[in-house]
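Single-letter residue listing:
There are 2 protein chains.
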Amino acid sequence: MKKLVIFGVGLIGGSLALALKRTSPSLHIVGVGRSGDNMQKAIDLGVINEAEPDPIAAIAGADVVVIATPVAQTPIILKLIENHLEAGTVVTDAGSTKGDVIACAKEILGSKFRQFVAGHPIAGAEKSGVTAARADLFDNKNVVLTPAQETDLQALATISQLWQIAGARVTEMSAEEHDAIFAAVSHMPHLLAFALVDDLASRSNAKQLFSFAAGGFRDFSRIAASSPEMWRDISIANRDALLSEISAYQIEMALLKSLLENNDAAGLQALFERASEARRNWGNQHITNSDKQ
Amino acid sequence: MKKLVIFGVGLIGGSLALALKRTSPSLHIVGVGRSGDNMQKAIDLGVINEAEPDPIAAIAGADVVVIATPVAQTPIILKLIENHLEAGTVVTDAGSTKGDVIACAKEILGSKFRQFVAGHPIAGAEKSGVTAARADLFDNKNVVLTPAQETDLQALATISQLWQIAGARVTEMSAEEHDAIFAAVSHMPHLLAFALVDDLASRSNAKQLFSFAAGGFRDFSRIAASSPEMWRDISIANRDALLSEISAYQIEMALLKSLLENNDAAGLQALFERASEARRNWGNQHITNSDKQ
Chain A
1 MKKLVIFGVG
11 LIGGSLALAL
21 KRTSPSLHIV
31 GVGRSGDNMQ
41 KAIDLGVINE
51 AEPDPIAAIA
61 GADVVVIATP
71 VAQTPIILKL
81 IENHLEAGTV
91 VTDAGSTKGD
101 VIACAKEILG
111 SKFRQFVAGH
121 PIAGAEKSGV
131 TAARADLFDN
141 KNVVLTPAQE
151 TDLQALATIS
161 QLWQIAGARV
171 TEMSAEEHDA
181 IFAAVSHMPH
191 LLAFALVDDL
201 ASRSNAKQLF
211 SFAAGGFRDF
221 SRIAASSPEM
231 WRDISIANRD
241 ALLSEISAYQ
251 IEMALLKSLL
261 ENNDAAGLQA
271 LFERASEARR
281 NWGNQHITNS
291 DKQ
Chain B
1 MKKLVIFGVG
11 LIGGSLALAL
21 KRTSPSLHIV
31 GVGRSGDNMQ
41 KAIDLGVINE
51 AEPDPIAAIA
61 GADVVVIATP
71 VAQTPIILKL
81 IENHLEAGTV
91 VTDAGSTKGD
101 VIACAKEILG
111 SKFRQFVAGH
121 PIAGAEKSGV
131 TAARADLFDN
141 KNVVLTPAQE
151 TDLQALATIS
161 QLWQIAGARV
171 TEMSAEEHDA
181 IFAAVSHMPH
191 LLAFALVDDL
201 ASRSNAKQLF
211 SFAAGGFRDF
221 SRIAASSPEM
231 WRDISIANRD
241 ALLSEISAYQ
251 IEMALLKSLL
261 ENNDAAGLQA
271 LFERASEARR
281 NWGNQHITNS
291 DKQ
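First to last, the protein sequences are chains A and B. Numbering (this note's numbering) for the first sequence: 1 to 293. Numbering (this note's numbering) for the second sequence: 1 to 293.
Excised from the complex, chain A in its bound form (with noise of 0.2 Å):
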C-alpha cells in the first residue's frame, strides 16, 4: 500500500494515520477536509503528508479511502467520488453503526460496492479534532468489520490488513449482529444515561438535586454529555435493534419494581449479586481499557 486517503482528519482518522506511520513511514497519506485550518494543523502535526481539498484529486491512485467524518457525511462522499473510483481502490468507513452504511453504500455505489467495506473502530470519542489523535488510539482495541455478501473478499483483507497494522484486533460479523451488539452495550447506555438527565433537568428543583449528585452519578452519567447530533443520527439508523433493547429494558424495569413492591429483599439481591459479579469480572478482563466509544 502506497497511498492512503483519510477524509475527514480528526481523532479517528488522524490517529490511524498516525497509527499506520509509526510501521509504515513511507506510506503517503493524503488528507480530505472542508478546514483550511485543520489540514494545516493536520501538516504540522505530522499526522498527513498532503491535504487536498478537492475529493476526485484526491482519490486518484489511492489504495485505500477511509470515511472518518461524522455519519451523515458518508452518503456525501459516496457521491462525490462514486464516479471516479478507481478498480484498485478500497473505500472503508469508521461510522458506530453498519446496517444503514451498507445500505446507502450499496445504492451509490452500485457494481462498485464490492470495493466497500464497512467498518468500525471501537476506541475514540472523549476528545476529538486531530490534536487528540495519537498513534497509540487503537492498540488493542477492538476493530469490526461487516463485510456483505457482494464484498470483495481482497477488499476485505486489505481493510482488516490495515487495522491491524494499526494496531487493533479485527473481528469479522454481519452489519445486522455488530448492530444488535452495540444496540446493547453501548447505544442503550447512552439512551438511558439521556434518559435519566432529561427526566430530571425537567423537574422544578433540578437545581437542588443536580446540587446533591455525586461520583455515582458522575460516572453514569457521563455519556449524557455526549453530542445529540451524533446520537440523533445513531439511534436513527439503528432504531430497529434499539426498539427491541428498549423492549428488553423495560421488562427488567418492570421486574426490579415488582420487587421493590413486594419488599423482596432476597429477589433485589439476587438481581444485584448477578450485575454485580458480571461487572466485576468485565473490570478485571478490561483493567487497562481506557477507551472510549
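The set of hints was computed from the structure by calculation and includes no laboratory data. Careful: at least some of the hints might be erroneous.
Repeated chains share a single entry, so a pair holds when one copy, or any two copies, can fit it.
Said to hold, decoys possible - Below, simulated DSS-like cross-link-like pairs (lysine-lysine); rule was C-alpha separation at most 30 Å, straight line:
#1 Lys-106 - Lys-41
#2 Lys-2 - Lys-141
#3 Lys-207 - Lys-141
#4 Lys-127 - Lys-112
#5 Lys-207 - Lys-3
Keep in mind it's a predicted model, so treat the numbers as computed, not measured.
Following the hints, position chain B against chain A.
Only chain B this time, still in chain A's reference frame:
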C-alpha cells in the same frame, strides 16, 4: 469537645477522625469495632487514639458518638447503647437513607431520641476500610443532616459543627426530602446500571456482548459493581421514593420509545440536547469533584 467515639472505623469513620485531627489534635478518639486487626491498624495509622471493644465502656463520658458501620448495624448499636447513653452525649449516623434510620432511632431511643441527629456525608464508597481513610475526604463535600421535630437544637448544632470542622458543607433538610433527592440522583443511577448489566448478563451471547463493551459502558456501569447487600438495604429502606422514581423513569422511557417508533429525529435531538446541556453544566460546576457516593 473532648471525646469522640466512632463505631465502624472504615473509610467514612476513619476519614472523619483524620479530618478532625487536622485542627483538633487533642481530641480523644475511641474506635469500636468487631475486628481486632482492623482496630490495631486504625491505631497504627494514627486514626484513633484507643480501641474499645465494649460499646458501653466506649461511650462513657463521650461528647459525640458516630455510627459509621454498615447501615444494618445501626439499630443493633442503638439498642446496645441506649440504656447507657449519658444526657450530654450526642449520637449521629452516616447512612445513605434517613427516613428509616429516624424511625428506628425514635423507637429504640425513646425519650433519648432528642440526642440523635441523623446525617449523610456524600463521599466515599469506591474503596473501603480504614486503610482507604483520608483526612481530606470530606473537604467541600456535602453533608446532609435531617433533624426531626424532637431533635435537640444544641445536639444539631454540635453535629453540624463537627462536620464543618471536618471540612464539609452542611445542609439541613427533612428526612423525606433527603430520601427523595437521593433516590433521584444516587439510588436511581445505581438501579438503572444494575438493571442493564443484569439484563445483558442473562443473555446467551453475554460473553460476546461484554467483549465489545468499551468506555461508555465502563463508566455507565461502574456502580453496578457496588455491594449487592448495601444496595438491597438502601432499596428497601428508600422503597417509596424509589418506586416513584421508577415510575417517572418508565414514563421517560416510553417517551423515548415513541420518538424512535415515529422516527422523530427532531424530538430525539431535543431530548438529547436537554440532557447534554444539563450534564455539561453540571460537569462544569463539579470539575474537581472526585467523590463517590
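- Message: At most 30 Å between CA atoms: does that hold for Lys-2 and Lys-141 within a copy, between copies, both, or neither?
- Response: Answer is within: at 25 Å inside a copy they meet the 30 Å cutoff, but 57 Å across does not.
- Given a CA cutoff of 30 Å, do Lys-127 and Lys-112 count as a within-copy pair, a between-copy pair, both, or neither? Neither way: Lys-127 and Lys-112 sit 34 Å apart in one copy and 56 Å across, limit 30 Å.
- Message: As a check of your reading, is Lys-207 near Lys-141 (CA-CA no more than 30 Å) within one copy, between copies, both or neither?
- Response: between (39 Å within a copy, 17 Å between copies)
- Which holds for Lys-106 with Lys-41 at a C-alpha limit of 30 Å: within a copy, between copies, both or neither? neither (34 Å within a copy, 67 Å between copies)
- Task: State whether the alpha carbon distance between Lys-207 and Lys-3 is at most 30 Å within one copy, between copies, both, or neither.
- Result: Cα proximity of Lys-207 and Lys-3: none, with 54 Å in one copy and 38 Å across.
Hints 1, 4 and 5 from the earlier list are contradicted by this structure; the remaining hints agree with it.
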